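Chains A and B are the protein sequences, given in the same order.
Here the numbering used here is used: the first residue of the first sequence is 2, the next is one more, and so on.
Here the numbering used here is used: the first residue of the second sequence is -12, the next is one more, and so on.
Since the hints were derived computationally from the structure, they do not count as laboratory data.
Take the hints with a grain of salt, since some may be wrong.
[As the list claims (entries may be wrong)] For lysine-lysine, the following DSS-like pairs were computed, each having C-alpha atoms within a straight-line distance of at most 25 Å:
#: 1; chain 1: B; residue 1: K108; chain 2: A; residue 2: K163
#: 2; chain 1: B; residue 1: K54; chain 2: B; residue 2: K207
#: 3; chain 1: B; residue 1: K152; chain 2: B; residue 2: K54
#: 4; chain 1: A; residue 1: K163; chain 2: B; residue 2: K105
#: 5; chain 1: B; residue 1: K0; chain 2: B; residue 2: K207
#: 6; chain 1: B; residue 1: K54; chain 2: B; residue 2: K0
[Unchecked claim] Quick list of simulated restraints, FRET-style, between CB atoms:
#: 7; chain 1: A; residue 1: A152; chain 2: B; residue 2: A106; range: 54 to 64 Å
#: 8; chain 1: B; residue 1: S51; chain 2: A; residue 2: P282; range: 56 to 66 Å
#: 9; chain 1: B; residue 1: T132; chain 2: A; residue 2: G165; range: 21 to 31 Å
#: 10; chain 1: B; residue 1: E182; chain 2: A; residue 2: W190; range: 24 to 34 Å
#: 11; chain 1: A; residue 1: L149; chain 2: B; residue 2: D176; range: 55 to 65 Å
#: 12; chain 1: A; residue 1: I100; chain 2: B; residue 2: K54; range: 32 to 42 Å
#: 13; chain 1: B; residue 1: N33; chain 2: A; residue 2: L91; range: 34 to 44 Å
#: 14; chain 1: B; residue 1: D81; chain 2: A; residue 2: P263; range: 48 to 58 Å
#: 15; chain 1: B; residue 1: A106; chain 2: A; residue 2: L101; range: 46 to 56 Å
#: 16; chain 1: B; residue 1: T132; chain 2: A; residue 2: E7; range: 42 to 52 Å
#: 17; chain 1: B; residue 1: G9; chain 2: A; residue 2: P189; range: 21 to 31 Å
#: 18; chain 1: A; residue 1: A152; chain 2: B; residue 2: Q128; range: 51 to 61 Å
#: 19; chain 1: A; residue 1: G131; chain 2: B; residue 2: Q128; range: 44 to 54 Å
Remember, it's a predicted structure, so these values are computed and weren't measured experimentally.
Each residue gets a CB set at the ideal place from its N, CA and C atoms; glycine is no exception.
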Amino acid sequence: MGIPIEQILIQTVNGVVTGMILALVASGLTLIFGIMDVVNFAHGELFMLGAYVGVIILAATGDFWIALVAATLVIALLGAAIYLTTLRPLLGRDPLYTILATFGISLVLQNYALWQFGPVARKIEEPFTGQFTLFYLAYPWYRVVIALLSAAIIGALWLFLKFGTWGIWIRATMQDRVMAQAMGIPVPWVLTAVFAIGAGMAAASGVLFGPLVGVNHAMGVDWVLKAFIVVVVGGMGNLAGSIAAAIFISLLEAYASLWVSPAQAVIVSFIVLILTLLFRPTGLFAPTPR
Amino acid sequence: MSPGDAAVQPLVKVDDIHTYYGKSHILHGVSLEVGKGEVVGLLGRNGVGKSTTLKAIMGLIHPSQGKVLFEGQSITHLPAHRLARLGIGYVPEDRRIFRLLSVTENLRTGLDRHGVSKARKTELLDKVYGYFPVLAERRNQAGGTLSGGEQQMLAIGRAMMLEPKIILLDEPTEGLMPRMVAEIQRIIDVLHREEVAVLLVEQNVPLTLETSQRIYIVEKGVVRHHGMASELRVNDAVIHQYLGV
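Using the sequences and the accompanying hints, generate a full structural model.
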């Protein structure tokens, strides 16, 4: 066999970079699930629309960072609007209703994007094009920056949840919605805010990842599928678990593609998913159930 | 059915409320009043609708008929979080501590409101930690790791963070050791001294008679008897008739 050590290290870097972006997508998904019990099938489309808003604003302003922030805010507002019009009326119903509703939203958004932007992929220019040499490879700095930025956004979310008033409200609502309300916490607004934050995080990852893959109407599908695997493997609603699972799965895929083609390496994720569901359905990284 | 001082508008007035859980009719027209700063006991056997009455006042159940008034205003259809901000504190039967939040964070759920200055927040926290020193010792511990009695103190302290005009206390001494029961009784007296009204649901009849000024006795979803606690203390025929003790 004899895989050279350089290749393994390169794949490690690749795995961590992809893992961080995946963690960013998945943390929005797991936040929404953990707090609202909503399985958001439209998450991938928020990711995709975020990338498109990024394309538009980048074209208008020429500044990648403005595009990143603006896309995050626009999609967060869209998320709040979706929540208020579609999900809030379904509060307290069987989860099946919200699954169908978000699936419906996903189809609407995807086809809207196809109609509005056409089938040809758009490009988001990288904010900088520098490279460094990783063994025999010219490795783009931008990929490293995405990983760091994703980590920073997740870190900011964690600090917000841990110390902020809204963070305490969100965690209290997650544990006991009725008691939270009896303590004066405006639970309907907390839920709206959580959905908006999750949507904004999806949009941010869409813009960050845009330069690597090209932006088209179906780009969310693959990502959300992978993000769902991550959320299940990490333990539904468990933020730290999702991050660990995102990196774990991305590393496995990266290593697998040393032997097989990257398209086949995806199988590894599904194997992990199935094994998790069979042997540890509460999640690989969930605290041991008491 | 007027409180001790009939000329004064009651703080909370429950007027002929009916509630349903699905198809079963729980409250069949409950009416009661709690005056400002008054401690009122709500007695009755299990399952007669005492907890439901508290939930209806707190806006956690909306009555299908009848009204709830707070300081003369109808609050019947307001959501619970608005009522909490108006000044109604709720200590539920099973305490419902936020188990994964620390003691301080549990208190902050009620404390972090608009219009409360930083100094006032510190003052309120210090006050509750003063009343319950054991909570101060455990301030960074997760709520779920506290003992039953400590959780009860936290539930009451958490409600006090709202600076409420009334606290609805649902069986606060249930399952507690005698020492803790005495502690709860002490804190009800403190609330009374601070002119916070209390609507107390209890199975512990002697404690309720001792701490309350007035008593309502509920049976099968309606108030059957209403009187001064001092009268009931000497007239155990009524207590025996409705509560069988």
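How the hints compare with the structure:
1. B:K108 <-> A:K163: Holds, at about 19 Å.
2. B:K54 <-> B:K207: Between B:K54 and B:K207 the Cα gap is close to 19 Å, so the pair holds against 25 Å.
3. B:K152 <-> B:K54: It holds: about 19 Å lies between the C-alpha atoms, which stays within 25 Å.
4. A:K163 <-> B:K105: 19 Å, holds
5. B:K0 <-> B:K207: Measuring from Cα to Cα gives roughly 20 Å; hence the hint holds.
6. B:K54 <-> B:K0: 8 Å, holds
7. A:A152 <-> B:A106: 54 to 64 Å: This hint is violated: roughly 37 Å between Cβ atoms.
8. B:S51 <-> A:P282: 56 to 66 Å: 41 Å, violated
9. B:T132 <-> A:G165: 21 to 31 Å: 23 Å, holds
10. B:E182 <-> A:W190: 24 to 34 Å: At 32 Å between Cβs, range holds.
11. A:L149 <-> B:D176: 55 to 65 Å: For A:L149 and B:D176 the Cβ distance comes to about 58 Å; the hint holds.
12. A:I100 <-> B:K54: 32 to 42 Å: Cβ of A:I100 to Cβ of B:K54: about 39 Å, so the range 32 to 42 Å holds.
13. B:N33 <-> A:L91: 34 to 44 Å: Taking Cβ atoms as reference, B:N33 and A:L91 lie about 35 Å apart, which means the hint holds.
14. B:D81 <-> A:P263: 48 to 58 Å: Between B:D81 and A:P263, where Cβ atoms are some 52 Å apart, the hint holds.
15. B:A106 <-> A:L101: 46 to 56 Å: Since B:A106 and A:L101 have Cβ atoms about 51 Å apart, the given range 46 to 56 Å holds.
16. B:T132 <-> A:E7: 42 to 52 Å: 49 Å, holds
17. B:G9 <-> A:P189: 21 to 31 Å: Since B:G9 and A:P189 have Cβ atoms about 24 Å apart, the given range 21 to 31 Å holds.
18. A:A152 <-> B:Q128: 51 to 61 Å: Given about 30 Å between the Cβ atoms, the range is violated.
19. A:G131 <-> B:Q128: 44 to 54 Å: Distance hint for A:G131, B:Q128 holds at roughly 49 Å.
Comparing the model with each earlier hint shows violations of hints 7, 8, 18; every other hint is respected.
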